[in-house]
Amino acid sequence: MFRNQYDSDVTVWSPQGRLHQVEYAMEAVKLGTATVGLKNRDVAVLVALSKPSSELSASQRKIIPIDDHLGISIAGITADARVISRYLRSECLSYKHSYGSAYPVSRLITNLGNKMQTTTQRYDRRPYGVGLLVGGYDEKGPHIYQVTPSATFYNCKANSIGSRSQSARTYLERNLDKFLNSSNEQLICDGIQAIHGSLPTDELQSNNEDAPQLNITIAIVGKDQPFKILNELETKKYLSMAKLKGTPAEPSRPDDDEASTSRPDQADSGPRDPEVAVATEEL
Amino acid sequence: MLNNYNSMAQPLWQNGPTPGAFYNFTGGQQQTQKLPKELTTAGPFGTKRSTSSITTGSSVLGIRYDGGVMIAADTLVSYGSLARYQNIDRVFPINKSIILGGGGDFADIQSIKRTIDQKMIEDQCYADGISMKPKALSSWLTRVLYNRRSRMNPLYIDVVVGGIEQDGTPFLANVDLRGRAHEDYVVATGFARHLALPLVRERKPKDRDFTAEEASELIRKCMEVLYYRDTRNMAQYTVGVCNATGTTIDGPCKVSENWSFAATIKGY
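Quick mapping for you: the protein sequence lines, in order, are chains H and S.
Residues in the first sequence are numbered consecutively from 1, following full-length UniProt numbering.
Residues in the second sequence are numbered consecutively from 1, following full-length UniProt numbering.
Rather than coming from a laboratory, the hints here were simulated on the basis of the structure.
Remember, it's a predicted structure, so these values are computed and weren't measured experimentally.
For every residue, glycine included, the Cβ atom is placed at its ideal position computed from N, Cα and C.
Possibly wrong hints are sitting among the right ones.
Stated by the list, open to error - No farther apart than 30 Å at their CA atoms in a straight line, the calculated lysine-lysine pairs in the BS3-like style are these:
1) S:K113 - H:K96
2) H:K223 - S:K119
3) S:K135 - H:K223
4) H:K96 - S:K96
5) S:K135 - H:K228
6) H:K140 - S:K135
7) H:K96 - S:K135
To be verified - With the C-beta cut set under 7 Å, the calculated list includes, among others, these residues of chain S facing chain H:
8) Y126
9) S139
10) W140
11) Q166
Unchecked claim - A few chain H positions that, by computed beta-carbon distances, are all more than 10 Å from chain S:
12) Y6
13) D7
14) S59
Assemble the whole structure, with the sequences as input and the hints as a guide.
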């Protein structure tokens, strides 16, 4: 069952200059629940939505602590994320052992990108099916990085990945200017409001605070603040605080995920580097 | 940089049997890391290790003051008791915020210096504005030197690392051939440990750091004492300075010699 003649192997190009297997891996990110990352001058915040896969199971862990100065939030295949987080942890630990200081976030992500890239160039490997939002703090301040299965990484002011994340991105874009100077509390509230849009519409309507759909995980890292996943009490505090402040992001429309791939904000900015776009059927 | 991604760039054919052999599904583990070459390969005369230093630099003296650090060492590299090389700098600028002074076997100093320089180039290749800091370098040196001593093949060096940390605070430390390290406002290697350390310590004000002038004057005084009292010393020395504006190596400076008292010494 192929969608395309040239997608049977990662190492095979299509005549259009695309790697279909890599593009399919990018789709795996959109199967995971949404997660948001944003930062101000001092801290980076990750907010993730987790949903139990069945009524019998607990919800998956969406935010993984890596080191005191760094953590990741994932969307996609959790098992792949675990492998990546093990790599990141051992890199950070080994760096700390050698140099006695925290691994600069940009360098760690560059090396992770290099590791992930090899999987897109070998016939006996497959790309990692997971997207990451990395929140970290180092000598250059707080950082949010997005890492995709195609091994591309972006240094972001704020971003969101996962299913129905377009509405969160719209919210972030609209409020981008105020993040830099906002307080930590306000930043967390903005993260919560952004992610509200990616909740399924029916669950949003049953707006009951104890409902399991509001299973939001929040993590914060920054100046004088080691990476910390907020506990239930703190999370509840911020959820109600966010409710008082302003309107949450509008719930997404079903076609949002497709719209996100066309990147209308960059459409006419002149020539661009080729990048892996998401596969669409062209017949 | 301790990245491991090179270990991901495996040979094109791997995870499989060598050509002509069969898959071994149960024992597919890769061989554990090989021992370093010097422990496994015997040379024509057996495995050799250095057991002492050959060409040596003597004392290095470092002083931390309120706005930076100064490290001084004379320019002599001896071959035994022979003053073999008389014009060699032993204080090096490493990058904008680190200086390093090296005593002990000069070949080993040159070797570790080359490795450090290569690390600085790698730092620059990232082009992300992040450079190594003195604390990180001294920590790294500790690891390397302790590792070498554990392999019974130490680098016969005694180094002083100094510089400015990210937050602007000066840092000064000493790392020796066994990977021992300590941090203080004054550190010294070789004979300076006996001759210069007490001189500096007795002039340390209790309530504040040295000023640049005080540090500079102390360095001058100590290098003079070292020249008079340490036979492996020379009148010429260089001083590395690292402060907020960057790193410089001053000199060579001369000890102001005065041998008029020599005529009064009797009994030899």
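How the hints compare with the structure:
no.	hint	result
1	S:K113 - H:K96	holds, 22 Å
2	H:K223 - S:K119	holds, 28 Å
3	S:K135 - H:K223	holds, 20 Å
4	H:K96 - S:K96	holds, 22 Å
5	S:K135 - H:K228	holds, 26 Å
6	H:K140 - S:K135	holds, 17 Å
7	H:K96 - S:K135	holds, 12 Å
8	Y126	holds, 6 Å
9	S139	holds, 4 Å
10	W140	holds, 5 Å
11	Q166	holds, 5 Å
12	Y6	holds, 22 Å
13	D7	holds, 23 Å
14	S59	holds, 32 Å
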